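Going down the list, the protein sequences come from chains A and B.
No gaps in the numbering here: position 273 of the first sequence is 273 in the numbering used here, and each next residue is one more.
No gaps in the numbering here: position 624 of the second sequence is 1624 in the numbering used here, and each next residue is one more.
Which stretches of chain B does chain A cover? Using the computed rule of at least three CB atoms under 8 Å from a CB of chain A, they are: (1) 1235-1248; (2) 1252-1265; (3) 1275-1289; (4) 1310-1321; (5) 1330-1341; (6) 1344-1357.
To be clear about the criterion: a stretch of chain A counts as covered by chain B if any three or more of its residues have a C-beta under 8 Å from a C-beta of chain B, and this derived list gives those stretches: (7) 245-252; (8) 257-264.
FYI, nobody ran anything at the bench for these hints, they're computed from the structure.
Note that the structure is a prediction, hence the values are computed from the model and not measured.
Backbone N, C-alpha and C fix where the C-beta goes; we use that ideal spot for every residue, glycine too.
Protein chains: 2
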Amino acid sequence: MNIIYNKEEKTLENGITALAIAKEFNVPLKEVLVAQINEKIIDLSRSVNEDGEIKFFTFKDKEGKKVFWHSSAHVLAIAVKRLHPESILGIGPAIDEGFYYDIYNLKIGDNDLQDIEKEIQNIIKEDIPFKREDISKEEANILLKDNKFKLEIIKDVNEKMSVYRNGEFYDLCRGPHVPSTRYVGHVKLLKVSGAYWKGDSKREVMTRIYGISFPSKKELEDYLMVLEERKNHDHKKIGKELELFEFSEFSPGSAFFTTKGAVIYNELIKFAKDLDKKYEYSEIITPLIAKAELWKISGHFEKYKENMFKVTPFESEEEYALKPMNCPFSAILFKSKTRSYRELPMRLSDYGFLHRYELEGTLDGLFRTRLMEQNDSHVYVMEDQIESEMMRMFDIMDDTYNPFDLKPIIKLATRPEKRIGDEELWDKAEKILKETLDKRGYNYEIKEGDGAFYGPKIDIYALDFSGKPEDAYAVSTIQLDFNLAVRFDAKYIGSDNKEHFPIVIHRSIMGSIGRFMGIILENSKGDLPFWISPVQVRVLTITEKNAKYAENVIKKLKENGIRVDSELDSGTLEYKIRKGQLEKIPYIIIIGSKEEEKNTISVRNRKGKTDYNIDLDEFISERLEDIKQRRKYEEK
Amino acid sequence: MNIIYNKEEKTLENGITALAIAKEFNVPLKEVLVAQINEKIIDLSRSVNEDGEIKFFTFKDKEGKKVFWHSSAHVLAIAVKRLHPESILGIGPAIDEGFYYDIYNLKIGDNDLQDIEKEIQNIIKEDIPFKREDISKEEANILLKDNKFKLEIIKDVNEKMSVYRNGEFYDLCRGPHVPSTRYVGHVKLLKVSGAYWKGDSKREVMTRIYGISFPSKKELEDYLMVLEERKNHDHKKIGKELELFEFSEFSPGSAFFTTKGAVIYNELIKFAKDLDKKYEYSEIITPLIAKAELWKISGHFEKYKENMFKVTPFESEEEYALKPMNCPFSAILFKSKTRSYRELPMRLSDYGFLHRYELEGTLDGLFRTRLMEQNDSHVYVMEDQIESEMMRMFDIMDDTYNPFDLKPIIKLATRPEKRIGDEELWDKAEKILKETLDKRGYNYEIKEGDGAFYGPKIDIYALDFSGKPEDAYAVSTIQLDFNLAVRFDAKYIGSDNKEHFPIVIHRSIMGSIGRFMGIILENSKGDLPFWISPVQVRVLTITEKNAKYAENVIKKLKENGIRVDSELDSGTLEYKIRKGQLEKIPYIIIIGSKEEEKNTISVRNRKGKTDYNIDLDEFISERLEDIKQRRKYEEK
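Could you put together the complete structure from these sequences and hints?
Right, dumping it as structure tokens:
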């Protein structure tokens, strides 16, 4: 048979193993975990019987990671069965990061994980090979007769089945796996939780053990450090600690912003609207529900219905849907009167609330929600206005990212196979987008064929605290659309006195406002810039006799529009300072008799540095500059 | 039989007519139209056969008006049948103002109304009596065999039927009516439109003729003048002319605010939020949908379900409803942590979008919608905080009404028959409300028994341009609620270290923001105060050579945050000024060579007065004061 590897072709004996092929091609074997022949991933020990192209994957490849973590799940299962023979295995897949195994009749808690980890270490040391065995459905039923979960799986499978064995251990499994347990390297079990069998709340509750593994101890340790750090950056944790938002079982996926959270949220909206004004966008306000007919015209019912919510009056049969996007509504206003080319570019912002149905299990704090509000705009343009409008959008992006030190990662997605609009238009549009990105000196990645069917788009991500591009947050999107105006028959009269369809540029710079709030909370660990902090200044007194002077300080701060609160009751200063620090309040003003005598204030910043003898007016005018310029929070 | 009239009792012969009874009691008969015996309204010509209390109604009473207009509809029908014998009568009821008759097989337009009016005048002069005749269902079927609409009505009726005759004319009708056609006085037919039989779009299209009538010519003329004036004040007309909002068949009852309309809307929101800040309210932001369970707890499913919209994902069976009110969400945030009495009063504002199902036929521009946003607040208080919070709310009301010259009409609604909460609490609450109203020196009306089941409330109306209290707009509401916290088990820890339920004060000062916008548009005829005008200043040039100077003026206005636009192209000044005036732009700045030479501007205000030689900086600083103080628009 003829095998190609890395553009080199060899004629090899039919039926030799993937491992033997690797040796023939002098592939360095140390890190290789699995092979891939003609798009199918297989164990290194499997025979190859067909012509084709072969690849070998290590842990560095996502295919390799998946196999590595899946094999780790098997090793976990071996350990559990050794320690708890009465337990019954469910399923144990690899996930985005690591793996889990769902096991029945296993009563353990997080404290028991260490014992299991020890056994896993033994199993790794024992270096037990993974052995594949193809079996029939009947054989599978006999082999696994004591495991009702596996029997249930067998019932649903029609293709050929296989079992993987490690010594006395076996598991129903399609594979592939690493050659032996030694390859699994270094494992850390992360937590135990409950999970319904098949995710069905009417079925058995399984014990789910989560784990992570890496080839080297160093990689594992680095990962665990990042994990620890990530916890400290988690916006859900910060949101809870700072009392910014809540979620309720009554409305999964819709945040309740508390009085403090709403301050941040509204400052973001104000920021976005100030930029709209600066860059000459105009706001429109549109309905939240529309009849089915609208979503048929817009194409949402065809492409997006599974993410939408149906709305019907309880006492009538009219059928509506909650809007998942604002676009159709801008088109309705655009065509509400005759438009002239003189009105273009028409920049219509819409801060409408959008509902998108997401499975409950996938909801994630402010990051993945069912309700969101975007700083959304639809810009109606003629072809020759695309470039200048793009430049304007990137200006807004820069202005939006800078105060939060967000570093953009830019991806340009070009024409997909299925598309509308003529080729010439696509050529021009892609050219303009590339030229604009080049002119601005941005680095960007091109995702060929990844554009929307209605036009090319640019997606912008922002790096998280770790600085790894693969962990970056999706933030902004800018999309050209040749289709919207056509669907809604929204035209303008050109300078030629004829009717034309405008091109529409969809644009959301912050993305979801709530999500953006989550991102800045994560990146700042809650140490928000002064201008957006819910409580900007807290006033404390050393003793109660300075209360009156403190009240005057508070009054003056309030008059200047600074968000200030106070704790003037008895209680130790130390405790109050500590409390203010935990609440991430940018400045704590401390008033004692010295301050009162000298008519000054002492100011403690978030890092614990205290400045004495500060003039209140000077402090205020500096803070007003912080607000006016939307300054980053710079520690002194 | 014994009959009481106006607290006087007489023994009268059984079976005498209501008219005869009126004479016995010396009732001045000139204006009397109908009688009422034991809550049943009857013709004056009908016999009375039972003991009871009798009343007599004239056109001044709402019962009298209704009969007057219903009889007018009959007179209209007589006229139409005389002129168009082939036409077939449908139904002809009295409505809130006047009456209509739906008639089939009648092809007429507004131009034909004059002929019908002439015939009506003849019929009135002929003074034909209304004669009632009780008939059986069988008799009715025979009498009306040629009218399929009446036959349909007969089919649905089970009670005894009656026919009213005027000479040769007869109509199936329950009555009652005025004694004769002369009573109908003076009639004006207002318009012709189409209407489906029974409002069903699958049924026949009837010709609907609207009319109004009054006892005297003077009253009719006054009404028609008001009607004409009302048209000029109609916010729907103003909204269309000034391009402020649109409606679409895709979402009935939800306004689309254009870029100009959104400016007004957002200025109102900003105004409301500034007042929230001034009076120390804090905003929360809450979801728009919630599960059925929440609405069961809140009681909305029991009391309000027919006004609500059901929400279900297209691909899941979860059941939600769109919120018609914000209250439950504030309760969820209130109870999201342990609350202390020190946190009360807790003033939570929520500008959430609310959906309320209203029948399509009842929708009315911005006044009656399905989507609205209120400047809504829920204030959680202890009993002894009610008064000071009420005072605060009235301060906000004054601040809100003053810039628009709105004159409040206040109504206090007290305990209804069905209610919760102990009597002592009701006593106290009503006492506090009355005392607060008295302290503020407000005139107010008490609506006994009109409160909500959960507490007493104050409704505030604002006079419209006509100044008639009965035409006043409903605007604000302040409601005490003993029930909300109990339903949601939302408690606070009192100074006694025990748990207590707070009382909640619901408060919306503008009511619906959109509706409030409609009200100020109507009362101002679109001549909005400077600070809230979508375009505040327009700059015009006399010739193009002053364009550069004009650009500098525009730039300076913009830098100062003034909303300015311009028309610098060629086109006559006169035309442009007229256009600006029709657009109700507060100030038009005119730039010519004289202005450029002297480095000044000429300013034309909305009333047509032009001031020359104005210093731009002075103009700007005055306008900034207009904005800062939210000044009414004072003509100079």
